[in-house]
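Kindly generate the complete structure, drawing on both the sequences and the hints.
There are 2 protein chains.
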Amino acid sequence: MEGSAPRRTRIQQEKRELILEAALEVFSTNGFRGSTIDQIAEAAGMSKPNLLYYFRRKEDIHETLMQRLLDTWLAPLRELDDIGDPLTELRSYIRRKLEMARDFPRESRLFANEILQGAPRIMPLLEGELKTLVDEKATIIKGWMRAGKIAKTDPWHLIFSIWATTQHYADFDVQVRAVLGADRGGDGRFEDAARFLEQLFLDGLKPKD
Amino acid sequence: MEGSAPRRTRIQQEKRELILEAALEVFSTNGFRGSTIDQIAEAAGMSKPNLLYYFRRKEDIHETLMQRLLDTWLAPLRELDDIGDPLTELRSYIRRKLEMARDFPRESRLFANEILQGAPRIMPLLEGELKTLVDEKATIIKGWMRAGKIAKTDPWHLIFSIWATTQHYADFDVQVRAVLGADRGGDGRFEDAARFLEQLFLDGLKPKD
DNA sequence: CAAAATTTTGACCGGTTGGACAAACGTTAG
DNA sequence: CTAACGTTTGTCCAACCGGTCAAAATTTTG
Numbered sequence: 002m003e004g005s006a007p008r009r010t011r012i013q014q015e016k017r018e019l020i021l022e023a024a025l026e027v028f029s030t031n032g033f034r035g036s037t038i039d040q041i042a043e044a045a046g047m048s049k050p051n052l053l054y055y056f057r058r059k060e061d062i063h064e065t066l067m068q069r070l071l072d073t074w075l076a077p078l079r080e081l082d083d084i085g086d087p088l089t090e091l092r093s094y095i096r097r098k099l100e101m102a103r104d105f106p107r108e109s110r111l112f113a114n115e116i117l118q119g120a121p122r123i124m125p126l127l128e129g130e131l132k133t134l135v136d137e138k139a140t141i142i143k144g145w146m147r148a149g150k151i152a153k154t155d156p157w158h159l160i161f162s163i164w165a166t167t168q169h170y171a172d173f174d175v176q177v178r179a180v181l182g183a184d185r186g187g188d189g190r191f192e193d194a195a196r197f198l199e200q201l202f203l204d205g206l207k208p209k210d
Numbered sequence: 002m003e004g005s006a007p008r009r010t011r012i013q014q015e016k017r018e019l020i021l022e023a024a025l026e027v028f029s030t031n032g033f034r035g036s037t038i039d040q041i042a043e044a045a046g047m048s049k050p051n052l053l054y055y056f057r058r059k060e061d062i063h064e065t066l067m068q069r070l071l072d073t074w075l076a077p078l079r080e081l082d083d084i085g086d087p088l089t090e091l092r093s094y095i096r097r098k099l100e101m102a103r104d105f106p107r108e109s110r111l112f113a114n115e116i117l118q119g120a121p122r123i124m125p126l127l128e129g130e131l132k133t134l135v136d137e138k139a140t141i142i143k144g145w146m147r148a149g150k151i152a153k154t155d156p157w158h159l160i161f162s163i164w165a166t167t168q169h170y171a172d173f174d175v176q177v178r179a180v181l182g183a184d185r186g187g188d189g190r191f192e193d194a195a196r197f198l199e200q201l202f203l204d205g206l207k208p209k210d
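Going down the list, the protein sequences come from chains A and B. Following the working numbering, the numbering of the first sequence begins with 2 at its first residue and continues without gaps. Following the working numbering, the numbering of the second sequence begins with 2 at its first residue and continues without gaps.
For the record, the hints were derived by calculation from the structure and aren't laboratory data. Hints may contain errors.
Pairs count within a copy or across copies, as identical chains cannot be separated in the list.
Listed below are the simulated PhoX-like cross-link pairs for lysine-lysine, each with C-alpha atoms no more than 20 Å apart in a straight line [to be verified]:
#1 K16 <-> K59
#2 K207 <-> K59
#3 K207 <-> K138
#4 K143 <-> K207
#5 K59 <-> K150
#6 K153 <-> K49
#7 K153 <-> K207
#8 K59 <-> K143
#9 K153 <-> K143
#10 K16 <-> K132
#11 K49 <-> K16
#12 K49 <-> K207
#13 K153 <-> K59
#14 K16 <-> K138
#15 K59 <-> K132
#16 K132 <-> K49
As the structure is a prediction and not an experimental result, all values here were calculated from the model.
As structure tokens, this is what we get:
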């Protein structure tokens, strides 16, 4: 019995990967119920029954995708630790998170879709693993505040605000580009965003003097 | 010919309102494609053909909902004007926006759903009405910066960050509550958020001295 | 009351979708 | 070659879904 490692041949590994890649594309733009197995199969270059040979149910694909997603998605937060200057640490967390929004917008949208609909499939993860991680990092941040290294405020809401502002550039990308227009909505928007966010989180809006 | 005001009896007005209310509930939690006419009809307490008597197509309901939504949704930004102290003006914009996230989370989620999927139905509005409004307000904010009333930064990204942080409490509500836990995730979370956001946007994270 | 107009419903339809299945195809090992 | 195993596909099905339609029920109007 080997329930924890049921993988077989190399072909299966490759095909499963192909399907997951295709499913990420389709799910992230159409949502779970808005996506069809046929769409995913076509995007993966195979027939529907063939796809169902590798994943028995549509939900299995989604579940596998979500499991992998959470690991990579929370990696930047996991890296946040006590060594180094607090402000620098927070600044690079924001930068990494923004880079993920730029480089993995599909993952961000998939996650947003799931949360928007009430997180029916990952609620236990949110209340368990995620809460534990955030609480742990909030304690670190609280320590920084007590030591006078950063301003005193609510660490949890601070983390929320970093998530919100960075993921916004992935989840609401079409809106951002529409509002910025053709000239400013190009590739440079992420650098503009990085500059702005750094200033916002470090200094706020009050004029310097 | 009265294409602009095709409303008829009082019953029609009431039933249409009933349907829109039910559709808001269903669409905002399941997305457009994830929602069925049957679900909406049941939530509105009527049969499917009866619902289709008031709205001929599923898309008509969604379209009507989106049109109304945008007006109320952008109201807080429209109120932002040049009279009064800039920092106070921005602070009350943030507060109003957060109140909307608290009082109209379904509207926020409906909008988020639409944007997430590439805004297929409201793209023209984003590039037209919305962009015009944001550009106009960005000009006002730029004036404040030139006058030294607030710190110099990018007005567009400032507006994005206000949208992102406030709507986060509606769109990602389940995640916020899961992470905050039973004790801190109660009704007080919006007041905590308001306090945090005020501090973030005004002073940033650098320690006071 | 009676005719006209409006509202509601049951039955139905065509298209789509998730999924099952067995047969065919390919590949590898003896 | 051939048997065994893994892979691929055509076909099919039952459930669902958006939408139609005609008839029935109700309300409005004269």
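Evaluate K207 and K59 at a C-alpha cut-off of 20 Å and name the case that applies: within, between, both or neither.
-> Neither: 51 Å inside a copy, 48 Å across copies.
Can you give me the call for K153 and K59, within, between, both or neither, at a CA distance of at most 20 Å?
-> Neither: 46 Å inside a chain and 50 Å across chains, both beyond 20 Å.
Measure nothing new, just compare the shortest in-copy and cross-copy C-alpha distances for K49 and K207 to 20 Å and report within, between, both or neither.
-> The answer is neither: 58 Å in one copy and 55 Å across copies each exceed 20 Å.
Should K132 paired with K49 be assigned to within, between, both, or neither, using CA atoms and 20 Å as the limit?
-> For K132 and K49, neither the intra-copy (38 Å) nor the inter-copy (42 Å) Cα distance is at most 20 Å.
If the cutoff is 20 Å on CA atoms, where do K153 and K49 land: within, between, both or neither? Let me know, please.
-> neither (55 Å within a copy, 55 Å between copies)
Check K16 against K132 for me: Cα-Cα at most 20 Å, and say if that holds within a copy, between copies, both or neither.
-> For K16 and K132, the Cα distance exceeds 20 Å both inside one copy (34 Å) and across copies (43 Å).
Homomeric proximity label, K207 with K138: Cα distance no greater than 20 Å | Only across copies: K207 and K138 sit 18 Å apart there, 28 Å inside one copy, limit 20 Å.
Is the C-alpha distance from K49 to K16 at most 20 Å within one copy, between copies, in both cases, or in neither?
-> Classified as within: same-chain Cα gap 13 Å, cross-chain 42 Å, threshold 20 Å.
Alpha-carbon proximity between K16 and K138, which holds within one copy, between copies, both or neither at 20 Å | So K16 and K138 fail the 20 Å test inside a copy (38 Å) and across (50 Å) alike.
Given a CA cutoff of 20 Å, do K16 and K59 count as a within-copy pair, a between-copy pair, both, or neither?
-> Result: close within a single copy only, 15 Å intra versus 37 Å inter.
When no copy is named, should K143 and K207 be tagged within, between, both, or neither for a Cα gap of at most 20 Å?
-> Between. Shortest inter-copy distance 14 Å satisfies the 20 Å Cα cut-off; intra-copy 24 Å does not.
Given a CA cutoff of 20 Å, do K153 and K207 count as a within-copy pair, a between-copy pair, both, or neither?
-> both (17 Å within a copy, 9 Å between copies)
Checked against the numbered hints listed earlier, the structure breaks hints 2, 5, 6, 8, 10, 12, 13, 14, 15 and 16; every other hint is satisfied.
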